[in-house]
Amino acid sequence: MSTDTPTKSQEAAAVPPPGRASENKRIRQGHRRLLTRRDRITLAFMAGVPTVLHVLLVWVTALASILLAFTSWDGIGFDSIKWVGLDNFHQLFTDNPQFWPAVQHNVIWFVVLILIPTPFGLFLAVQLDKKIRFSRVYQTAFFLPVVISLACIGFVWQLIYNPDTGLINSLIGANKPGHYIDWIGDPNLNLWAVLVAASWRHTGYMMILYLAGLKSVDPSLREASALDGANEWQTFKNVIFPTLRPTNTIVLVVTIIEALRAFDLVFVFNKGAQGTELLSILVTNNIIGESSRIGYGSAIAVVLLFISLIVIIPYLIATFRKERSA
Amino acid sequence: MRISPSGLHVPGPSRRNVIRGAGSAALLAGAGIPLLSACGGSGSSSDPKTVSVGSNDSDAVPKKAYAAVYAAFQKQSGITAKVNTKDHNTFQEQINSYLQGTPDDAFKWFAGYRMQFFAAKGLASPIDDVWQKIGDNFPDAMKKLSKGADGKYYFVPMTTYPWAVFYRKSVFQAKGYTVPTTWDELVALCKQMKKDNLVPIAFGDKDAWPAMGTFDQINFRLNGYDFHVDLMAGKAEWTDPKVKDVFDHWAELLPYHQDGFMGRTWQDAAQTLVSKKAGMYLLGTFVAQQFTNKADLDDLDFFAFPEINSAYGQDTVEAPTDGFMVSKSPKNHDGVVKLLEYLGSPAAEELYLKGDPSVVAASSKASTSAYSTLQKKAFDMIGAAKSLTQFMDRDSRPDFTSTVMQPGLQKFLQNPKGIDSLLSSIERQKKTIFASE
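Residue numbers (the working numbering), protein chains in the order written: chain A, 322 to 647; chain B, 37 to 473.
Hints in this document: simulated from the structure, not taken from any laboratory.
Careful, some of the hints might be misleading.
DSS-like mimics (lysine-lysine), calculated; alpha carbons at most 25 Å apart, straight line [said to hold, decoys possible]:
| no. | chain 1 | residue 1 | chain 2 | residue 2 |
| --- | --- | --- | --- | --- |
| 1 | B | K313 | A | K497 |
| 2 | B | K230 | A | K497 |
| 3 | B | K231 | A | K497 |
| 4 | A | K403 | B | K271 |
| 5 | B | K179 | B | K364 |
| 6 | A | K403 | B | K312 |
| 7 | B | K330 | B | K278 |
| 8 | A | K497 | B | K467 |
| 9 | B | K312 | A | K497 |
| 10 | B | K100 | B | K85 |
| 11 | B | K179 | B | K169 |
Derived, one-sided and incomplete: chain A residues facing chain B with beta-carbon distance under 8 Å [stated by the list, open to error]:
| no. | residue |
| --- | --- |
| 12 | R358 |
| 13 | G369 |
| 14 | G396 |
| 15 | D416 |
| 16 | Y482 |
| 17 | N483 |
| 18 | P540 |
| 19 | S541 |
| 20 | N606 |
We put the CB at the ideal spot given by N, CA and C, even for glycine.
Please model the entire structure based on the sequences and the hints provided.
This is how it looks when you write it as structure tokens:
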């Protein structure tokens with residue numbers, strides 16, 4: 322949003338001025354003469370409304386959240402906000418039995434997404450890029466999970482994993498007393514079970530990104546490498562993959578974001594019970610509901626924000642550096 | 037977080053999640069709170085002929101049953117009750133901002149600590165004047181449930197239902213089992229059932245609240261009502277050996293619980309009782325909802341959780357009670373007093389139960405002639421109780437039960453041996469949460 326605003330105003334400014342004779346009198350007023358009153362009002366609206374919305378919805382709320390992280394507040398009346406300094410963080414790091422598992426699970430989530438569905442998505446993209454028959458059908462099939470909301474995916478997979486009537490346990494006969502495989506509840510299993518569902522969706526997402534990247538690879542490069550006698554793997558490894566660099570960056574960022582914002586799938590799946598705790602779920606559990614612990618929940622949200630910044634800032638620095646050198 | 041064991045109403049996950057998702061987006065930054073209060077009541081009329089009522093009865097059955105009650109009230113008093121119904125869970129989650137915004141004159145809520153919390157925060161009006169008229173209609177245990185910490189009345193109870201151990205009469209008859217009245221008999225019965233290839237105790241804890249019901253039963257049977265209430269109110273310590281003893285008893289019973297429970301909903305667990313694969317199931321009477329076949333329902337029966345400590349016998353019944361409260365500054369005070377006086381009358385409760393036979397009347401004066409066998413038994417059980425509890429998440433701070441106890445109990449169920457470190461962790465977290473008051 323923040324990057325949109327300046328672009329928009331630049332575009333607006335670049336609109337050629339409707340030349341009206343009366344405007345010539347205002348030459349002394351510098352560049353403003355280029356804009357009529359209506360232009361200026363339009364401009365103010367176009368830049369102003371998004372800016373106000375942005376400041377209100379992003380900055381004010383983020384800063385309020387950071388401030389609240391140092392307070393204790395049950396959400397009833399502003400006079401019940403109490404300043405508690407670093408207490409929330411201290412409790413979080415030492416007393417909360419769910420916090421460190423949650424951090425760990427967010428990390429596992431990222432590692433798994435980058436190691437399994439991402440390469441697999443790339444593989445599918447490369448195959449589909451070969452103009453095989455029914456390519457469109459496959460594309461649609463693989464991409465379909467991305468279109469479905471994560472909440473629905475969670476619901477569907479929860480049916481598959483249901484210990485009594487689910488598909489898997491019914492097929493392998495693990496729904497009898499003494500033989501139960503508790504895919505949803507067992508803390509050693511449930512994170513992996515839910516990651517299968519997440520990967521299922523992420524693969525399609527990665528496939529589309531890579532497919533778009535592959536389409537933009539100059540065909541003459543392939544031709545040249547074919548003429549040089551390179552086989553398919555060599556072509557991919559030495560020619561195609563290096564040209565996918567921009568796509569890889571996007572894939573990395575998208576995957577990090579997916580890992581940090583992982584929430585809906587797990588929430589529907591088992592509400593973040595033991596084994597599947599995630600930071601986003603801890604935030605929700607503490608803030609939403611009656612007599613909420615808003616300060617404490619905000620502290621967890623701040624930790625999440627901090628982790629996001631650690632990841633995003635190097636990316637932004639790299640991007641800006643590239644832009645400047647370009 | 038929590039699906040409320042307000043029990044009668046446990047919705048599918050998808051709708052709930054949508055609400056949660058939307059709510060979390062707004063609330064992540066905390067600043068969403070004042071915005072949400074805009075969703076509050078619409079009771080802006082100061083017309084003496086209308087009273088607004090905020091309701092969480094979004095399900096068809098209670099909604100219709102209450103509509104009949106309000107219609108009768110209008111006929112009797114000439115005052116129209118304008119009902120503002122919200123989704124059950126949304127109502128519960130937004131209650132903070134709802135009561136701080138422009139709430140309706142009266143609103144539906146739960147008895148016990150959860151009522152006292154808002155009374156203490158000054159978000160509800162005392163209604164001692166109402167109780168002067170309706171006091172005779174209720175047993176002492178209900179009166180106790182309707183008072184705030186300051187001793188004033190804040191609540192008019194309407195309906196209630198008990199938690200108990202459910203079983204099939206035909207199964208007990210066929211196998212020659214008798215209803216256990218002591219802990220040892222219960223354990224022996226479990227052993228026998230296991231031998232007979234039955235799942236002794238059906239169990240599903242996917243929603244995290246059913247385990248709280250088991251804890252409650254063992255705790256007030258073993259340590260008595262007073263200790264249970266102190267523990268729930270944050271006064272007693274979780275590291276107390278008495279609490280450890282509760283978990284030791286529970287661990288003894290745990291091998292007889294249906295396994296795979298962490299991924300099972302209470303509905304699925306109830307199905308094992310329906311199909312006679314399980315022998316017993318500890319739950320509220322709403323378990324009957326799963327018995328859709330009339331013959332099965334007639335075969336369903338229950339008994340009170342067995343005695344563990346003879347000092348307390350079976351004197352406590354867990355009976356979550358729903359009813360009405362008055363918001364902090366009702367627009368039509370006289371009207372709302374009249375409405376609550378009516379709602380606290382046996383006639384109103386009888387009328388309501390006609391439309392919703394899954395619960396029983398809170399008033400001891402209401403006629404029981406229309407009750408089913410189960411309802412009659414439930415009514416007698418509650419009437420005979422020396423003390424009534426509400427349910428862990430109604431008797432204690434909801435933030436404590438949802439963020440500490442639900443995951444804590446699930447942890448115990450996974451690893452019954454790690455109880456010592458778990459209890460000290462619970463106690464540490466409890467201290468900080470209860471200190472924030």
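Status of the hints after comparison with the structure:
1. Between B/K313 and A/K497 the CA atoms are separated by roughly 11 Å; this keeps the pair inside 25 Å, and the hint holds.
2. Between B/K230 and A/K497, the direct Cα distance comes to roughly 14 Å. Compliance with the 25 Å bound is thereby established for this hinted pair.
3. Proposed proximity of B/K231 and A/K497 is supported: the alpha carbons are some 15 Å apart, at most 25 Å.
4. Note on A/K403 and B/K271: the hinted pairing holds, with a Cα-Cα distance of about 22 Å set against a maximum of 25 Å.
5. Taking the CA atoms of B/K179 and B/K364, the gap is near 21 Å; set against the 25 Å cutoff, the hint holds.
6. Taking the CA atoms of A/K403 and B/K312, the gap is near 54 Å; set against the 25 Å cutoff, the hint is violated.
7. Of the supplied pair hints, the one linking B/K330 and B/K278 is violated, its CA atoms being roughly 43 Å apart against a limit of 25 Å.
8. Distance hint between A/K497 and B/K467 is unfulfilled; the C-alpha atoms sit about 42 Å from each other, more than 25 Å.
9. At most 25 Å may separate the alpha-carbon atoms for a hinted pair to count; B/K312 and A/K497 meet this at roughly 14 Å.
10. Between B/K100 and B/K85 the alpha-carbon distance is near 22 Å, which keeps this suggested pair within the 25 Å criterion.
11. At most 25 Å may separate the alpha-carbon atoms for a hinted pair to count; B/K179 and B/K169 meet this at roughly 13 Å.
12. With its C-beta approaching chain B no nearer than about 35 Å, A/R358 sits outside the 8 Å limit, and its interface hint is violated.
13. Against a cut-off of 8 Å between C-beta atoms, the interface hint on A/G369 is violated, since the closest Cβ of chain B lies about 21 Å away.
14. For the restraint placing A/G396 at the interface with chain B, the shortest Cβ-Cβ distance is roughly 5 Å, inside the 8 Å limit, so the hint holds.
15. Nearest Cβ of chain B to the Cβ of A/D416: about 5 Å, under the 8 Å cut. The hint holds.
16. With a cut of 8 Å, the hint placing A/Y482 at the interface with chain B holds, because the nearest CB-to-CB distance is about 7 Å.
17. Look at A/N483: its Cβ gets to within about 7 Å of chain B, closer than 8 Å, so that hint holds up.
18. For A/P540, the interface hint is violated, since its Cβ never comes within 8 Å of a Cβ in chain B; the closest pair sits about 44 Å apart.
19. Proximity of A/S541 to chain B is violated relative to the hint, the smallest CB-CB distance being about 47 Å (cut-off 8 Å).
20. Interface restraint check for A/N606: the shortest CB-CB distance to chain B comes to about 5 Å, inside 8 Å, so the restraint holds.
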